[in-house]
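Engineer: Here are the chains, one letter per residue:
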Amino acid sequence: MVRFLIQRTLGLVVTMFFVSIMVFVLMELPPGDYAERYAFRKFSGTGTQITEADIRNIRAEFGLDRPAWERYLDWIGGIVTRFDFGDAFAFQTSVNNVIGQRIWLTLAILFATLLLTYLFAIPIGIYAAVRRNSVEDYGLTVFSYLGLALPNFLLALIFLYISVTIFDSSVGGLFSPDYADQPMSWAKTIDLLKHLWVPALVLAWSATAFQLQTVRATMLDELNKLSVTAARARGLPEWKLLLKYPARLAINPVVSTMGFDVNRIFSELPIVALVLSLPELGQLLITSYLDLDMFVAGAILLMLTFMIVLMNFFSDIMLALLDPRVKLG
Amino acid sequence: MTTIAAGNEPYVKQARRTNHFVTYLRLLLRDKAALFGLLIIAVVVFTAIAAPWLAPHNPAAQNMASTKLPPAWRTIEEKSLGFGEGNSVVEEVTVTQGDPSYLLGTDKLGRDQLSRIIYGARVSVTVAFFGATLALLIGMTIGLVAGYMGGHVDNLLMAVVNLLLSVPYLVLVIVVAAVLGRGLLNVVLLFGITDAPIFARLTRGEVLRIRRLGYIEAANATGAKAPMILRKHIVPNLIGPLVTLATFEMSSMIFYEAGLSFLGLSVPESVPSWGNMLSNGREFLLTGMPWLMIYPGLAIALTSLGFNLFGDWLRDVLDPMARTR
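Residue numbers (the working numbering), protein chains in the order written: chain L, 1 to 329; chain R, 330 to 654.
The shape of chain L in the complex, shown without the other chains (with noise of 0.2 Å):
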């Protein structure tokens, strides 16, 4: 098992640095760079001519005129030694300073999404495979398809559209305007967990759509096991034996598609945010990627990327330790 966990650590870090990569190339991507966005925004209107010695002025003083492996290295090195993901050129601050706060809601946000996901799809999939062909069972593949249609968007607006003309109040932000620009305290948390269950609902519905067929599908291969007709056989408690066996192997594909999911609410997470004016970190990216400014872009990329890819570890790991007979190594 330690041999099995350094190994997967090791292929996390090897794994983070083809990201790191990766994630320069696509910062690399676009054409232009944002020394000709400045330029272009400092003296549009002013009647001035911008030159090409201006924009290279410019392109000095941000540093982007080295080659690009040399600044590769030194985007990344900062990173690793200092923590520190370079210069926000349109907030003209550092990134660490724009993308701050923003990294723990969407935290909050993921994590509250695939606990609402988990709690739901595990025990509502086992119970529909238990009592297949039922009337619940026909209800929950309804509501699976209609969850599967739905996209989170249209979701999101629905839940606005509600809250506004019945409760007559807004589901939008992640804080009170009495809370907004207060520092972190007990009763800003709360405020924030107020808010926090529209956006984890809206994303948690198709997860579970997806996440609820799944469980129910390996639930009824395992129920005809032998192991189950045996267990039955012994006179164990049905609740018991369905504990054991089947609802533990049940588990298993969720478990494995974890990094998946965390995939999956990154890319439906900022058009959910849009809708309902969240503070989260892919809409940022967004603007920052289309207007080149790409510390700003390469930090949330890096960051995103590296959710997913720990995901995956742990996902790795809790398989390892859930069922003996994935091979270790």
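Just so you know, these hints were derived from the structure itself, not from any lab. Computed from a predicted structure; not experimentally measured. The reader is advised that the hints may include incorrect statements.
[To be verified] Computed Cβ-Cβ distance ranges for the label pairs, DEER-style:
(1) Leu-321(L) - Phe-350(R): 47 to 57 Å
(2) Tyr-138(L) - Leu-356(R): 13 to 23 Å
(3) Phe-40(L) - Ala-394(R): 37 to 47 Å
(4) Pro-324(L) - Arg-511(R): 45 to 55 Å
(5) Val-572(R) - Lys-240(L): 38 to 48 Å
For every residue, glycine included, the Cβ atom is placed at its ideal position computed from N, Cα and C.
With chain L's structure known, arrange chain R on it following the hints.
Structural biologist: Okay, now just chain R, sitting in the frame of chain L:
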């Protein structure tokens, strides 16, 4: 012995003569949900093709005389404060009645919503169909090469694929959108490129599985060359899982296309698409005009439901092992 063989012969011949198409059709007719899904897909595709004949108005025509009309069967009352006699403040009630010639109402520029939904099917169908086909072709090629060549080629290709799969999908979409720019062809390319890794991974897994089967070994033993084995034995067995995946991906491409419209990264705003309609209607959702979002939203949800229902049936029929994998 001879009597048994003779007795079996008619069945063997009959089985060989059975048309696959008829078998599938019979299976489809038995499954009401899948039939409903296929019906939805057929209606949407027909709408997309026949849009110019079906749409009652030109989807781009602006009619400033009748803007923000509700659906034909609805009447809305809008209260606003105005000045009465002697500068007194009175409440004015404006009643707007739906116009039967604009069945689903009009937007802020007086464009017919129904016609825009009908034309919007074109964008969704094009993006879903060509995007998924392109992704399937790119992904299948990469997966076949990786799975069949093995060794370093496999390691390298799969390292890249897994790297791409660990980046949030939307981020990949945005990167490609930023590089390519807006436009229908670019949206198709965008989904074709960003979705290819999923198809590549599926293809490679299937190739590795199929290669271990006895009949490939037999083909190898008879001296069949690699291209021949790929074409005759491996690719036909890939079609089932790949087409199934493509059906589900079409549904999510329709979602993401609408989502990209929200972010201003899909087709230009002037093009009638369901995503653009939703994105334009958003500001009016809370000001008493929810129908600007309800109907395009319904179009997206129904189409997606169709693809999901049909995809589930395809999976059961073409790829019976999928659920246990």
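Engineer: Please check whether Pro-324(L) and Arg-511(R) have a Cβ separation lying inside 45 to 55 Å.
Structural biologist: With a Cβ separation near 53 Å, Pro-324(L) and Arg-511(R) satisfy 45 to 55 Å, so the hint holds.
Engineer: Using the Cβ atoms, figure out if Val-572(R) sits within 38 to 48 Å of Lys-240(L).
Structural biologist: holds, 43 Å
Engineer: State, for the Cβ atoms of Leu-321(L) and Phe-350(R), whether the hinted interval 47 to 57 Å holds or is violated.
Structural biologist: holds, 49 Å
Engineer: Can you let me know if the beta-carbon spacing of Tyr-138(L) and Leu-356(R) is within 13 to 23 Å?
Structural biologist: holds, 20 Å
Engineer: With respect to the beta-carbon atoms only, verify the hint that Phe-40(L) and Ala-394(R) lie 37 to 47 Å apart.
Structural biologist: holds, 41 Å
Figure legend: structure checked against the earlier numbered hints; every hint is met.
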